[in-house]
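Trainee: In case you want the letters, here they are:
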Amino acid sequence: MVELCSSEESDSDAVSLCFQSLFFVLAVLFHFSQRFTTVVPESCMLILLGLVLGGVVLIANKKQLYQLEPSLFFLFLLPTIVGDAGYFMPARLFFDNLGAILTYAVVGTLWNAFCTGFSLYAAKLLGFIDEHVQAEMLDFLLFGALISAVDPVAVLAVFEEVHVNETLFIIVFGESLVNDAVTVVLYKVYISFVEVGAENVQTADYFKGVASFLIVSIGGTMVGLIFAVILGFITRFTKKVRIIEPLLVFLMVYLAYLTAELFSLSAILSMTFCGIGANKYVEANISQKSRTTVKYTMKTLASIAETIIFIFLGISAVDKSKWAWDTGLVSCTLVFILIFRAVGVVGQTWVLNRFRLVPLEKIDQVVMSYGGLRGAVAFALVVLLDGEQVKAKDYFVATTIVVVFFTVMFQGLTIKPLVKWLKVPRATNRKPTINEEIHERAFDHILTAVEDIAGLQGYHHWRDKWEQFDKNYLSKLLLRKSVYRKSELWEAYQKINIRDAISVIDQGGNVLTSARLSLPSMASRASFPEVTNVTNYLRENGSGVCLDLQVIDNIPGAKVEEDMETHHVLAGNLYKPRRRYQSHYSRHFMPLGEQERQDREVFQRNMRSRMETFKSTRYKRHKKERSLKKVRRISHRNKRDSLSLCSDPVVVPVETEDKAEHSDPEKDEDVGITFIARKAETPKQRPKSGKTSLSLEGCQIPLLPPPPPAPPSPPPAPSSPTSEDSHLPWKGSLGSPPPCVSLEATKIIPVDLQQAWNQSISSLESISSPPAPAEPIHPRVSALSRLGGPRPASYTPPGSAAGSTFSIGPQVSQGSFLFPDKKKEEEEEEEDVEGGVAAEMQPLMSSLKPPGPLPPPPPPPSSAPGSGRRRTPCVYLRSLVTSPPPEPHSRGPTQL
Amino acid sequence: MVSPVCSKQIGVLHKRFKQLSHNEETLRRDHFNEIDDLAFNPIRAQIIEAFFDRRNFHQNGEGKVQEIGFEEFVVVMSHFRPPSAHMTEEQRGKTRREKLRFLFNMHDTDNDGIITLEEYRHVVEELLSRSGTLEKETAKCIADAAMLEVASISVGHMEPDEFYEGITFEHFLKLLERFEIESRMIIRFLNMDTTTLCK
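Those protein sequence lines, which keep their order, are chains F and X.
Residue 151 in UniProt numbering sits at position 151 of the first sequence, and the numbers go up by one each step.
Residue 196 in UniProt numbering sits at position 196 of the second sequence, and the numbers go up by one each step.
If we strip away everything but chain F, and leave its shape as in the complex, we get (with noise of 0.2 Å):
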């Protein structure tokens, strides 16, 4: 898209070569010297670049070679900025402050324009103006209008590494957006008067003027609005070729600035308006995947854009022969435009204060003064104009190289540190709370109410009128079902949850150690006095593990419907790990990734057991129904991933029967904590099924059986407050009795979970990170401990587990590398609490030596067995990438 406009090709070669390599060699300083960096904002280092590569072109070639083409601005850099600055607007803060932005950019402009050209001529008269600039009174004016603009790419460059608080940017950035129009307008409007020639302009041309004006602006707006209901619907239907999705967003936005540029109507405005009207819907329609990608795209766009444009500032100040300096002029414009520029915003903000509910500071006034930014927008007009026509133009663009260079370079310059003296409020680079959230949603309505019993109609009853109005017939139309469902307070628990979920993952999991799997469990210890003493006891004897007392087997509910329940649960806490990507290749489809699965799942899996720490004790159906599907999934791709499983030697321990005495219907949900007492009526130790290895030689995949008949209906807990509702303090007036489980009844069963969860964080690890500190817990960390859950990979009947089985013996360390394909660590041990816990406890707690085949004992539960045990991610690339070790036997702690 850069096109350099070389007149001559003979040098153009060695020219582009200095080109690079000075280019290379200041990107490199850029980067070393962070500390630079931060003083000098990278528009004026930019625009420096400019300068110094235009000196040697200029040496080299006698002649200038490139240059700003307007025709390159206008179609191609400004509307990539104006492009992302629109869609990516904040739409809230920009309506919720248009009353300023309007003021600013319309009076604000207009007052800027016409003192500034008033001003020049009357300089020119007074004679501090050199004769040879021949200009009238017109020319000065016009000259005014194109100087006096803000610009939105200086502005943009400079304001968002100063990070001003919200208001101010919104201000200031949204001013220099909308003034462009009005700078436009003008410029247009007295070309044709400088065309006409001055003597011939009529009154009613003025007045065309002001109604061009009008036209421009308004007409703007409304194709770039039309262009987003456009963009909006068409993204409704793009669900089975999501590739096209920001290839459609690009489209759009760029045809309402074409088009709007056809009609001679403001291009700025209307581009800006389809990105804000439209990004509230597209960002709803399109995949995750179509949102980064438009959010990167249009960002490097940008940024691309961005530098270009300063690089050819600086690059067009070099070349004498374009300008002609005028002392007198230069310093009379900057005089001008600083002046009234301060003026200007001090008398808008005086009669914008008294409307406005936050009044504008002192502070922030002196701010937006000095935001003033001119730039290339101002520049790409100047060299647009005729010289035959405006005899001044040479001078003119001097001013304007003088005047943007000025601006950026000094104010740029400065900024930052006046920012930073004056203490203006900075803006906080913080994600709002699930809370903060809720609290900003019920506001609006508030606020909305009072007005209303207070009869106003003020700017929140507008509001609430047109989220209405959106709700009821926009969202209809422009949004897909699906998505219509969801309200957007609901979008944002989920972004939160995600966002954790992700946070919890990179930093290295080790947060799950079990002391941290202390949730603030809701249930009143007061309900289970035998088993609060197992737990003291447990605390007593350091073993810092925390029992889920809540996990009670209080229903001894029929064997059926706990067969049933038993493949909820294993259905619900499959945790299926990383797996190699199909080789499947299409242009227009994209197979759905793994990633976007998994992260799907820990989504999923955070959120549920955020719903269970506070024991609600109903299903989720429609997630029930994805969970087994899920499982359906598996199967299937276990036939289809044959090659990814081959690569290693697998363990696959499948549980068969074990699996049937996860019968409680509702409390197993909570499985993720480390012990789960539950009552001894069924039998006990049952024999281990034999765990399926997937050897290399055999390269068998082990045709894993259909999932079993699907499960009724989960059991008819919902709607109503079990039992365990009864416990929580809040529903103890309820009254039902808790159900009180003796100690005989009782069988704990440890579970280790730090073994799979650091497995799986392994495998989500793609840099080795060192062990994190304790960090301090976190109730939502811990709520994503049953990511690492013991999770049988698919529920086989016994023996139906085909490929090279063997019977696993105690050799079989429960440490060892388990691919993550079939990872599955089920140490379920089942011991009857009968003879005093005491003794029972003990092993537990030091070993888990099973009576029967089971792995050696695991550390004490602490963050040990999680450092030591995980796998560094190197490793564990290593090991899918590399070749599976010759002896499919040489599992054991060994290969850790």
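None of these hints come from the bench; they were simulated from the model.
Honestly, I wouldn't trust all of these hints.
Capping the alpha-carbon separation at 27 Å, the derived lysine-lysine pairs in DSS-like fashion look like this [what the hints assert, rightly or not]: (1) F:Lys188 - F:Lys208; (2) X:Lys140 - F:Lys476; (3) F:Lys465 - F:Lys481; (4) X:Lys15 - F:Lys362; (5) F:Lys465 - X:Lys99; (6) F:Lys416 - F:Lys362; (7) F:Lys481 - F:Lys471; (8) F:Lys362 - F:Lys295; (9) F:Lys423 - X:Lys94; (10) F:Lys471 - F:Lys280; (11) F:Lys240 - F:Lys63; (12) F:Lys295 - F:Lys481; (13) X:Lys18 - X:Lys99; (14) F:Lys362 - F:Lys420; (15) X:Lys94 - X:Lys174; (16) X:Lys18 - F:Lys465; (17) X:Lys140 - F:Lys471; (18) F:Lys280 - F:Lys299; (19) F:Lys280 - F:Lys240; (20) F:Lys423 - X:Lys174; (21) F:Lys280 - X:Lys140; (22) F:Lys465 - X:Lys15; (23) F:Lys481 - X:Lys140; (24) F:Lys240 - F:Lys289; (25) X:Lys64 - X:Lys18; (26) F:Lys471 - F:Lys289; (27) F:Lys295 - F:Lys240; (28) X:Lys99 - X:Lys15; (29) X:Lys64 - X:Lys15; (30) F:Lys322 - F:Lys299.
Given chain F, work out where chain X should sit, using these hints.
Mentor: Showing chain X alone in chain F's frame:
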């Protein structure tokens, strides 16, 4: 309690009060329910209740009333007054506390000084009720997650046998620390539209 709303605004509010109450001396709940614009507000009930809550009239009030006079009406409304331009930090903090107290009382329906999970769920449910299609279950999840978050913010590490009863006012303050309530929970009563008054 000194009414902090200026006299001109009181005049406007008085007109509105008369209009709402059909020229009676007191306002009852059904008067509020008659307001058309309010009909779509998802948390209408809570807001209306706030007008009849003694806690919002006096510092130590308690319980509900059946009807309110103009004075109470203005006092409740005054929670939404904008901060005056020249305010010391201390005053600002006080206003902030008052405003937050109002919000807190609104959510704490049973007046026990704690927003329990139950109450919080109720709030979220109502908030979401306007989006219709969302199940109650979802609201519950969100409330639960939010409550967990509160617990983590305000208590930090919890022993397994501890449990979080609900949001106390102190926690509530802490929770909305970053929320610039003093510059947001404000409504300008002056620029009233006269057309609504004549309706």
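Trainee: Now tell me, hint by hint, if it's right for this structure.
Mentor: Outcome of the hint check:
Distance restraint check for Lys188 of chain F and Lys208 of chain F: the Cα-Cα separation of roughly 12 Å lies within the 27 Å cut-off, and the hinted pair is therefore satisfied. A C-alpha spacing of about 25 Å is found between Lys140 of chain X and Lys476 of chain F, which places the hinted pair at or below 27 Å, so the restraint holds. Under the criterion of a C-alpha separation no larger than 27 Å, the hint pairing Lys465 of chain F with Lys481 of chain F is consistent with the structure, at around 22 Å. For the proposed pair Lys15 of chain X and Lys362 of chain F, the alpha carbon gap of about 37 Å is over 27 Å, so the pair is violated.
Note on Lys465 of chain F and Lys99 of chain X: the hinted pairing holds, with a Cα-Cα distance of about 25 Å set against a maximum of 27 Å. Using a Cα cut-off of 27 Å, the hinted pair Lys416 of chain F and Lys362 of chain F holds, with the two alpha carbons roughly 17 Å apart. Distance check on the hinted pair: Lys481 of chain F and Lys471 of chain F sit about 12 Å apart at the alpha-carbon level, within 27 Å; holds. Under the criterion of a C-alpha separation no larger than 27 Å, the hint pairing Lys362 of chain F with Lys295 of chain F is inconsistent with the structure, at around 36 Å.
A hinted pair counts as satisfied when its Cα atoms are at most 27 Å apart, and Lys423 of chain F with Lys94 of chain X qualifies at roughly 24 Å. At most 27 Å may separate the alpha-carbon atoms for a hinted pair to count; Lys471 of chain F and Lys280 of chain F meet this at roughly 12 Å. Proximity of Lys240 of chain F to Lys63 of chain F is assessed by CA-CA distance (about 54 Å); at most 27 Å being required, the pair is judged violated. For the hint pairing Lys295 of chain F with Lys481 of chain F, the CA-to-CA distance comes to about 24 Å; that is within 27 Å, so the pair holds.
The straight-line distance between the Cα atoms of Lys18 of chain X and Lys99 of chain X is roughly 26 Å, inside the 27 Å bound, and the hint therefore holds. A hinted pair counts as satisfied when its Cα atoms are at most 27 Å apart, and Lys362 of chain F with Lys420 of chain F qualifies at roughly 15 Å. Distance hint between Lys94 of chain X and Lys174 of chain X is fulfilled; the C-alpha atoms sit about 15 Å from each other, no more than 27 Å. For the hint pairing Lys18 of chain X with Lys465 of chain F, the CA-to-CA distance comes to about 25 Å; that is within 27 Å, so the pair holds.
At roughly 22 Å between alpha-carbon atoms, Lys140 of chain X and Lys471 of chain F fall within 27 Å of each other, so this suggested pair holds. A threshold of 27 Å between alpha carbons decides the hint, and for Lys280 of chain F with Lys299 of chain F the separation of about 18 Å falls inside it, so the pair holds. The straight-line distance between the Cα atoms of Lys280 of chain F and Lys240 of chain F is roughly 21 Å, inside the 27 Å bound, and the hint therefore holds. Pair hint Lys423 of chain F plus Lys174 of chain X holds up; C-alpha atoms about 25 Å apart against a cutoff of 27 Å.
With a C-alpha separation of about 25 Å, the suggested pair Lys280 of chain F and Lys140 of chain X falls inside the 27 Å cut-off, and the hint holds. At most 27 Å may separate the alpha-carbon atoms for a hinted pair to count; Lys465 of chain F and Lys15 of chain X meet this at roughly 24 Å. About 22 Å separates the Cα atoms of Lys481 of chain F and Lys140 of chain X, which keeps this hinted pair within 27 Å; it holds. About 14 Å separates the Cα atoms of Lys240 of chain F and Lys289 of chain F, which keeps this hinted pair within 27 Å; it holds.
Annotation: proposed proximity of Lys64 of chain X to Lys18 of chain X holds, straight-line Cα distance about 22 Å (limit 27 Å). Note on Lys471 of chain F and Lys289 of chain F: the hinted pairing holds, with a Cα-Cα distance of about 26 Å set against a maximum of 27 Å. Distance hint between Lys295 of chain F and Lys240 of chain F is fulfilled; the C-alpha atoms sit about 21 Å from each other, no more than 27 Å. Between the alpha carbons of Lys99 of chain X and Lys15 of chain X the distance comes to roughly 25 Å, so the proposed pair stays at or under 27 Å and holds.
A distance of roughly 25 Å separates the Cα atoms of Lys64 of chain X and Lys15 of chain X; the hinted pair therefore holds under the 27 Å criterion. Taking the CA atoms of Lys322 of chain F and Lys299 of chain F, the gap is about 33 Å. The hint is violated against a cut of 27 Å.
Checked against the numbered hints listed earlier, the structure breaks hints 4, 8, 11 and 30; every other hint is satisfied.
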